[in-house]
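Chemist: Protein chains in written order, with our numbering: chain A, 16 to 291; chain B, 3 to 260.
Derived from the structure by calculation, the hints contain no laboratory data.
What the simulated footprint calls covered on chain A by chain B, stretch by stretch (three residues with Cβ under 8 angstroms from a Cβ of chain B suffice, anywhere in the stretch; the number is not a length):
#, segment
1, 41 to 50
2, 94 to 100
3, 118 to 130
Below, a list of computed lysine-lysine pairs in the DSSO-like style, where the Cα atoms sit at most 27 angstroms apart:
#, chain 1, residue 1, chain 2, residue 2
4, B, Lys23, A, Lys140
5, A, Lys108, B, Lys12
6, A, Lys140, A, Lys165
Even glycine gets a Cβ: it sits at the ideal position worked out from N, Cα and C.
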Amino acid sequence: MAEKKTALKVENVGMRFNLSSEKVDSLKEYFIKFVKKELHYHEFWALKDVSFEVKKGEHLGIVGLNGAGKSTLLKVIAGVLKPTEGSVKTVGKIVPLLELGAGFDKQYTGAENIYLYGALLGYTKEFIDKKFKEIVEFSELGEFINVPVKNYSSGMRARLGFSIATVVRPEILILDEVLSVGDAQFKKKSEKKIRSMFEGGVTVLFVSHSLEQVKRLCDKAILLEHGNIIAKGDVEDVAAIYAAKLEKKRNAKRKKEKKIERELETEARKAKEQRK
Amino acid sequence: MKKYIANFMKYKYLLSELVKKDIKLKYRRSKLGILWTLLEPLLTMIVLSLVFSELRGNADRTFPVYILTGRLLYSYFSNGTKVAARSIRSHSSMMRKVYIPKYMYPLSSILSNFIIFLISLIVLVGVSLVLRIKITLHVLEGIYPLVLLFLLTLGVGLILATLEVFFRDLEYLWGVVLMIIMYCSAIFYPADMLKGNKSIILDLNPLYALIKNFRNAVLYGIGPDYGALAYAGTFSIIALIIGVIAFYKKQDEFILNL
Numbered sequence: 016m017a018e019k020k021t022a023l024k025v026e027n028v029g030m031r032f033n034l035s036s037e038k039v040d041s042l043k044e045y046f047i048k049f050v051k052k053e054l055h056y057h058e059f060w061a062l063k064d065v066s067f068e069v070k071k072g073e074h075l076g077i078v079g080l081n082g083a084g085k086s087t088l089l090k091v092i093a094g095v096l097k098p099t100e101g102s103v104k105t106v107g108k109i110v111p112l113l114e115l116g117a118g119f120d121k122q123y124t125g126a127e128n129i130y131l132y133g134a135l136l137g138y139t140k141e142f143i144d145k146k147f148k149e150i151v152e153f154s155e156l157g158e159f160i161n162v163p164v165k166n167y168s169s170g171m172r173a174r175l176g177f178s179i180a181t182v183v184r185p186e187i188l189i190l191d192e193v194l195s196v197g198d199a200q201f202k203k204k205s206e207k208k209i210r211s212m213f214e215g216g217v218t219v220l221f222v223s224h225s226l227e228q229v230k231r232l233c234d235k236a237i238l239l240e241h242g243n244i245i246a247k248g249d250v251e252d253v254a255a256i257y258a259a260k261l262e263k264k265r266n267a268k269r270k271k272e273k274k275i276e277r278e279l280e281t282e283a284r285k286a287k288e289q290r291k
Numbered sequence: 003m004k005k006y007i008a009n010f011m012k013y014k015y016l017l018s019e020l021v022k023k024d025i026k027l028k029y030r031r032s033k034l035g036i037l038w039t040l041l042e043p044l045l046t047m048i049v050l051s052l053v054f055s056e057l058r059g060n061a062d063r064t065f066p067v068y069i070l071t072g073r074l075l076y077s078y079f080s081n082g083t084k085v086a087a088r089s090i091r092s093h094s095s096m097m098r099k100v101y102i103p104k105y106m107y108p109l110s111s112i113l114s115n116f117i118i119f120l121i122s123l124i125v126l127v128g129v130s131l132v133l134r135i136k137i138t139l140h141v142l143e144g145i146y147p148l149v150l151l152f153l154l155t156l157g158v159g160l161i162l163a164t165l166e167v168f169f170r171d172l173e174y175l176w177g178v179v180l181m182i183i184m185y186c187s188a189i190f191y192p193a194d195m196l197k198g199n200k201s202i203i204l205d206l207n208p209l210y211a212l213i214k215n216f217r218n219a220v221l222y223g224i225g226p227d228y229g230a231l232a233y234a235g236t237f238s239i240i241a242l243i244i245g246v247i248a249f250y251k252k253q254d255e256f257i258l259n260l
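Let the hints inform the model, and build the full structure from the sequences given.
Modeler: Below, the structure written as structure tokens:
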């Protein structure tokens with residue numbers, strides 16, 4: 016078997032945030048704190064030493080509990096955040112389906128926003144001209160396309176965002192649980208669209224809480240915990256580890272709940288006895 | 003360097019979209035729309051000329067043009083630097099979600115203001131014709147101060163945009179500084195009113211150097227004051243270099259501080 020080309024290479028990526036206990040954002044405060052030497056920061060590593068490689072055409076699932084660093088990782092890959100250390104190399108056009116319609120201007124109409132958002136995603140004017148009709152049709156907005164976006168419902172906004180973002184054929188597709196856009200009808204349509212994008216050897220990064228979805232869509236996976244990769248490889252193996260972790264967490268939670276309940280009970284009993 | 007130019011070319015269309023958006027939205031909900039660009043300086047000019055020529059009791063026919071030239075250039079500098087200072091903060095939600103080169107935000111807002119400024123120069127043409135100012139070939143030399151004004155605004159704008167991310171109250175401080183600059187630019191009083199060593203205020207002010215050269219070209223019909231032009235040019239280039247370096251060094255931290 017011939018070696019497949021690398022589409023994405025993440026090397027020793029670390030992302031540090033400075034969490035200051037109070038936000039210092041005025042000159043006066045900064046000066047006072049500086050003089051008093053009270054400028055402390057609390058360091059927090061959202062990602063630490065994360066390395067992995069995705070070959071062209073592979074579908075990689077990223078799983079982990081809340082706060083494990085999944086979204087931070089996607090933002091680093093999409094170029095929104097610059098990693099504190101390490102590097103990310105990508106080959107080909109990335110389309111991040113994160114927070115659809117984040118670049119919309121509320122006072123602009125839908126039609127104007129197609130051009131603005133398209134430009135933000137790096138499309139050319141000719142390309143948008145050509146695809147304009149297709150976008151409007153897919154979004155099912157009809158006449159509303161000439162109404163300012165501030166009057167849209169959140170569903171309409173998401174539909175328009177989805178339609179603009181998916182009109183290209185990307186080489187790398189980043190999905191952050193967006194398979195749930197709009198009503199049931201549109202959901203079906205968008206899943207179909209995403210699946211059609213899967214054909215033709217696109218590389219996919221997929222983030223989800225739902226293990227089932229990850230298993231259905233991906234063939235490789237990584238598991239993040241506190242910003243570290245604790246498992247990577249075949250999706251079934253990683254899913255098994257993650258499932259075990261979830262189970263353990265659930266058990267621990269149940270135990271804790273039981274303990275609290277028992278304590279409450281004993282306290283209540285004591286109180287009752289005292290009243291007698 | 004090549005890399006940066008290639009990246010700029012890739013986002014050229016986005017820049018034009020952002021500029022278009024700024025201009026379109028500015029006048030969207032007003033009845034007179036873009037006409038305000040012309041009306042506003044015209045009205046202020048009338049008020050200022052009435053007030054200040056009455057006060058001084060002189061009957062200089064060209065005084066409105068004197069005021070208008072100063073005011074137009076100053077208000078571009080003032081508006082341009084103010085929007086640039088706010089540009090990073092006001093686009094923070096966009097910045098958090100999509101990657102685009104960050105200089106696009108201040109650059110697009112300064113550019114859109116520059117275009118509005120150029121449109122407002124129509125008023126100057128109109129008023130000059132009405133007051134029968136003699137127009138000579140020197141008028142073409144008015145381009146120098148305009149180009150330098152753009153570079154100066156861009157440089158100062160980039161410095162402010164960078165600082166504003168970290169210190170939010172800079173906006174108010176800058177408002178005060180702008181007021182001082184306004185009074186030191188000889189906009190509505192004749193420059194020769196400041197005599198002796200007081201005139202150094204004007205000599206040191208790069209914005210006044212530009213206004214002076216612009217007046218030479220369009221009002222007096224004489225050649226540029228090369229000394230003042232060179233001073234303003236040097237000042238602008240230095241501001242631009244500092245602005246670019248500061249912005250470039252700090253841009254990756256913007257998102258962490260918004």
